Each structure stands twice: as structure tokens, then as C-alpha cells.
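Peer 1: Going down the list, the protein sequences come from chains A and B.
Here the working numbering is used: position 102 in the first sequence is 102, and no number is missing along the way.
Adding 116 to a residue's 1-based position in the second sequence gives its number in the working numbering.
Just to be clear, a hint being listed does not mean it is correct.
DSSO-like mimics (lysine-lysine), calculated; alpha carbons at most 27 angstroms apart, straight line [stated by the list, open to error]:
hint : chain 1 : residue 1 : chain 2 : residue 2
1    : A       : Lys-64    : A       : Lys-41
2    : A       : Lys-66    : A       : Lys-14
3    : A       : Lys-66    : A       : Lys-20
4    : B       : Lys-158   : A       : Lys-66
5    : A       : Lys-41    : A       : Lys-55
6    : B       : Lys-183   : B       : Lys-118
7    : A       : Lys-66    : A       : Lys-55
8    : B       : Lys-118   : A       : Lys-41
9    : B       : Lys-172   : B       : Lys-183
10   : A       : Lys-41    : A       : Lys-66
11   : A       : Lys-41    : B       : Lys-158
12   : A       : Lys-64    : B       : Lys-158
13   : A       : Lys-20    : A       : Lys-64
14   : A       : Lys-14    : A       : Lys-41
15   : B       : Lys-158   : A       : Lys-20
16   : B       : Lys-172   : B       : Lys-118
17   : A       : Lys-55    : A       : Lys-20
18   : B       : Lys-158   : B       : Lys-118
19   : A       : Lys-64    : A       : Lys-14
20   : A       : Lys-14    : B       : Lys-158
21   : A       : Lys-64    : B       : Lys-118
Covered stretches of chain B, as calculated for chain A (at least 3 residues, CB under 8 angstroms) [claimed, not checked]:
hint : region
22   : 160-166
23   : 218-228
Since the hints were derived computationally from the structure, they do not count as laboratory data.
Values in this document were obtained by computation on a predicted structure and should not be read as measured data.
Where is the CB? At the ideal position from N, CA and C, for every residue including glycine.
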Amino acid sequence: GAVVSQHPSWVICKSGTSVKIECRSLDFQATTMFWYRQFPKQSLMLMATSNEGSKATYEQGVEKDKFLINHASLTLSTLTVTSAHPEDSSFYICSARELLGANEQYFGPGTRLTVT
Amino acid sequence: QKEVEQNSGPLSVPEGAIASLNCTYSDRGSQSFFWYRQYSGKSPELIMFIYSNGDKEDGRFTAQLNKASQYVSLLIRDSQPSDSATYLCAVTPFSGGYNKLIFGAGTRLAVHP
Numbered sequence: 001g002a003v004v005s006q007h008p009s010w011v012i013c014k015s016g017t018s019v020k021i022e023c024r025s026l027d028f029q030a031t032t033m034f035w036y037r038q039f040p041k042q043s044l045m046l047m048a049t050s051n052e053g054s055k056a057t058y059e060q061g062v063e064k065d066k067f068l069i070n071h072a073s074l075t076l077s078t079l080t081v082t083s084a085h086p087e088d089s090s091f092y093i094c095s096a097r098e099l100l101g102a103n104e105q106y107f108g109p110g111t112r113l114t115v116t
Numbered sequence: 117q118k119e120v121e122q123n124s125g126p127l128s129v130p131e132g133a134i135a136s137l138n139c140t141y142s143d144r145g146s147q148s149f150f151w152y153r154q155y156s157g158k159s160p161e162l163i164m165f166i167y168s169n170g171d172k173e174d175g176r177f178t179a180q181l182n183k184a185s186q187y188v189s190l191l192i193r194d195s196q197p198s199d200s201a202t203y204l205c206a207v208t209p210f211s212g213g214y215n216k217l218i219f220g221a222g223t224r225l226a227v228h229p
């Protein structure tokens, strides 16, 4: 149980284009999903928290107009990186918190984004 | 002071030994505590969580929590080379909002044959 998927697992895009990453909880309902970014050899950095049916809460320093988050259902959240630049190249990981769980988060496998 | 602190390591232990990973946190009102394992290039996977003071065992893993000392640890018995990874400590702070987790920077464990 508690499986989270992400799609795509990796993506290469040109500078200036937008990329959408999907995060799905496959066998449980997730009221809250989280988006993280991780640069090589660095720790996880929480970007934003999304709750089903409401606006995402962004961490300080994260541009909400650049990283658009939509949490359309209890099993799906999407992150769109708009007008991507090479410095946005990173490992993006989502996690989901189960509706009736104990606050543990289950992580998706991550999406490796490379912007050329 | 960082909210969740871990020694970055690497912690090197021989195969079969006990690996002891430590974590301290600053928010005295923190409610729950988690250990994740992250292999290089992969996403974190949950090992176990603990809420109450004392020990919690799950297979080769034991989590220990001491809220008075604001300290949580993870013991790995009979360490195997496959345990070599970065171990992340995470804490639910009292004022987290949306129940987000605060992660430490992780401790890199290397188990050598």
C-alpha cells in the first residue's frame, strides 16, 4: 500500500518552455501533497504544500507564478514549471499524506528535469 | 540553529555491526518523528515513525525517542552493504501547518564488507 507515482520520470526541455509533472496516489486518498526539489548532494527542499480543492501554500522564496500547482482531486496533484531555465534543472519529488494516516508522507519516485 | 540537525557523515560501519544514526530537533512541541532512507539518485522511502518516548522496533531497525532531550535516533542491527544510503530524519513541528515535515540534511551511511 501507500504507493505514489510520478510522471514523467525524466524530462528534457528547452529554455523558455513549460513542463508539467503529475503526482498520483495510487492506492489511497491524499488530502495533502507536497512538492520538493533536490539539487545534487543537497537536502530536500520543500517548495509547496497543496491541498485538494484549495490554493497551494508556497515556501518562502518559491515563486508561485513560476511553479504552478494544481490539486484537482484526492489522488492527483500537478506541478507546472513555467518558462523553465537551466537553473530550474533539478530532481523534483512529490509526496502524499494519507487522509486517515498518521502524518507520514509517501514519496513518488521523482522527476529529473533538465533544461537546455 | 537548524530545526532538525543530523551529522552529515559519512558514518562508516563494518558489515554485521550496529549503525547508530542521531537527530536532534529544536521545536519542543514536535509531535511525530520519521526516518527515511534515500539511495543516491532515488526518492526517499519511509523506514519507520515514532510518537512516544522510548523504543520502537521493526525488524533490524529500532527508533528511539527522547522528547526531554529533543533527540531521536535510528539503530540498524546487522548492517548490510545494501543499507548504504543517506538517512533522513523528519519531524512534524508543533506549528507546522498542513502537517508538513521538517527534514534534516541527512546522514550518509556506508557499510563496508
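Peer 1: If a hint holds in the structure, say so; if it does not, say that too.
Peer 2: Verification of the supplied hints:
1. A:Lys-64 <-> A:Lys-41: With a Cα-Cα distance of about 25 angstroms, the restraint between Lys-64 (chain A) and Lys-41 (chain A) holds, given a limit of 27 angstroms.
2. A:Lys-66 <-> A:Lys-14: OK: Lys-66 (chain A) and Lys-14 (chain A) at ~16 angstroms, within 27 angstroms.
3. A:Lys-66 <-> A:Lys-20: Status holds; Cα separation ~12 angstroms.
4. B:Lys-158 <-> A:Lys-66: holds, 25 angstroms
5. A:Lys-41 <-> A:Lys-55: violated, 31 angstroms
6. B:Lys-183 <-> B:Lys-118: holds, 17 angstroms
7. A:Lys-66 <-> A:Lys-55: The given pair, whose Cα atoms are some 15 angstroms apart, holds under the 27 angstroms limit.
8. B:Lys-118 <-> A:Lys-41: holds, 18 angstroms
9. B:Lys-172 <-> B:Lys-183: holds, 14 angstroms
10. A:Lys-41 <-> A:Lys-66: holds, 24 angstroms
11. A:Lys-41 <-> B:Lys-158: Given that 27 angstroms is the threshold and the Cα spacing comes to 12 angstroms, the pair holds.
12. A:Lys-64 <-> B:Lys-158: holds, 26 angstroms
13. A:Lys-20 <-> A:Lys-64: OK: Lys-20 (chain A) and Lys-64 (chain A) at ~14 angstroms, within 27 angstroms.
14. A:Lys-14 <-> A:Lys-41: Status holds; Cα separation ~24 angstroms.
15. B:Lys-158 <-> A:Lys-20: The given pair, whose Cα atoms are some 20 angstroms apart, holds under the 27 angstroms limit.
16. B:Lys-172 <-> B:Lys-118: Distance of about 26 angstroms is within 27 angstroms: holds.
17. A:Lys-55 <-> A:Lys-20: Holds: Lys-55 (chain A) and Lys-20 (chain A) sit about 17 angstroms apart, inside 27 angstroms.
18. B:Lys-158 <-> B:Lys-118: holds, 25 angstroms
19. A:Lys-64 <-> A:Lys-14: holds, 21 angstroms
20. A:Lys-14 <-> B:Lys-158: Holds. Lys-14 (chain A) to Lys-158 (chain B) sits at ~24 angstroms (cutoff 27 angstroms).
21. A:Lys-64 <-> B:Lys-118: The hint holds at about 25 angstroms.
22. 160-166: holds (count 4)
23. 218-228: holds (count 4)
Violation of the numbered hints given earlier is confined to hint 5; every other hint is satisfied by the structure.
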